[in-house]
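Since the structure of chain A is provided, determine the placement of chain B on it from the hints.
Each protein sequence line maps, in turn, to chains A and B.
Take the first sequence: its position 76, counted from the start at 1, is 373 in the working numbering, and no numbers get skipped.
Take the second sequence: its position 14, counted from the start at 1, is 812 in the working numbering, and no numbers get skipped.
For the record, the hints were derived by calculation from the structure and aren't laboratory data.
Mixed in with the good hints there might be a few duds.
List time: in silico DSBU-like cross-link candidates among lysine-lysine, alpha-carbon distance up to 35 Å [to be verified]:
1. K838/B with K299/A
2. K299/A with K842/B
3. K838/B with K300/A
4. K300/A with K842/B
5. K800/B with K327/A
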Amino acid sequence: MKKHALASAVVFLLLGAAAYGALFVAPTEKTMGTIQRIFYLHVSSAWTGLTAFFICFLANLVYVWRREPRWDWLAVSAAEVGLVFTTVVLVTGPIWAHPVWGIWWTWDARLTSTFVLWLLYISYLLLRTLVEEPDRRALFSALFGIFAFIDVPLVFGSIRWWRTQHPQPVVMGGSGSGLEPTMWYVLLFSWGAMLSLMALLVRARFEFEAVRGETDLVRREAEGV
Amino acid sequence: MKNLNSVFAAYLAGWGIFFLYYISIARRTAALREEIERLKNSLKRAK
Numbered sequence: 298m299k300k301h302a303l304a305s306a307v308v309f310l311l312l313g314a315a316a317y318g319a320l321f322v323a324p325t326e327k328t329m330g331t332i333q334r335i336f337y338l339h340v341s342s343a344w345t346g347l348t349a350f351f352i353c354f355l356a357n358l359v360y361v362w363r364r365e366p367r368w369d370w371l372a373v374s375a376a377e378v379g380l381v382f383t384t385v386v387l388v389t390g391p392i393w394a395h396p397v398w399g400i401w402w403t404w405d406a407r408l409t410s411t412f413v414l415w416l417l418y419i420s421y422l423l424l425r426t427l428v429e430e431p432d433r434r435a436l437f438s439a440l441f442g443i444f445a446f447i448d449v450p451l452v453f454g455s456i457r458w459w460r461t462q463h464p465q466p467v468v469m470g471g472s473g474s475g476l477e478p479t480m481w482y483v484l485l486f487s488w489g490a491m492l493s494l495m496a497l498l499v500r501a502r503f504e505f506e507a508v509r510g511e512t513d514l515v516r517r518e519a520e521g522v
Numbered sequence: 799m800k801n802l803n804s805v806f807a808a809y810l811a812g813w814g815i816f817f818l819y820y821i822s823i824a825r826r827t828a829a830l831r832e833e834i835e836r837l838k839n840s841l842k843r844a845k
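Excised from the complex, chain B in its bound form:
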């Protein structure tokens, strides 16, 4: 089982990159949804 550490490191890095990217999309989308709500509310108040 030589180099097993490298195999785990590769899988951990690969899965980690995908997971972080998925979280980043979810966070960016949530932030934009909040901004839209805020803008819509301020538009309503201005009208």
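Isolated chain A (complex conformation):
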């Protein structure tokens, strides 16, 4: 418990430092001005969400191979946490877009593929509530989770393959892309802080899933008495 509180405090401090870096250390972007500071929260959340979905994908593959409940627990934990990060992306994106584009939302390839990703992982979590038997639930959701991950490369590639309203990539975007060095440091620090938050949340959610597994066993035993 003490360890958990300490980890939470460290993550909180990292997030505070990341926000300080984004608001006070990073230089003001020339074209967009102050509003561009949302970038450090928006992009680091997006990268962390995609990382969580990748962990979910790997855990689903291992579950199909090994059929051990802990991999199913890790998969659902990473999926739910990835969904929370993607929700932050979908909320902060329009707040940034409105003063810059004059609209809250547009159905371009990046925004649409991200919204579809969000819907796919909501479906993944809903599917789990529809199957009662734990092994069948784990297998069906693992297969669906592997399928849902197909959208992740589409989200990544959407601003590289098609013309979009969304800005062009700052990483692997070809000539003309990239960031000023201080902006890079702040972005990478923000991503590190978000990854630490992701680890904290996945750990807490995994613990919940483990307790739920134990509760199911005790409940079945109680029903049999």
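Relative to chain A, chain B alone:
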């Protein structure tokens, strides 16, 4: 400092979503732990 309100709104919304989710996990886990204790006690009594 144009659009500073939007920047604060975005950070407040982002942090708020993370905080609410963290609280929801803690509450759900605590509720399950209580249920396990209750079930274990009722099992003991039944045996």
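Taking the hints in turn, this is what the structure says about them:
A distance of roughly 26 Å separates the Cα atoms of K838/B and K299/A; the hinted pair therefore holds under the 35 Å criterion. As the CA atoms of K299/A and K842/B are separated by approximately 31 Å, the hinted pair is consistent with the 35 Å bound. With a CA separation close to 28 Å, the supplied pair K838/B and K300/A stays within the 35 Å bound. Annotation: proposed proximity of K300/A to K842/B holds, straight-line Cα distance about 32 Å (limit 35 Å).
Of the pairs offered as hints, the one joining K800/B and K327/A holds, with about 13 Å between alpha carbons and a cut-off of 35 Å not exceeded.
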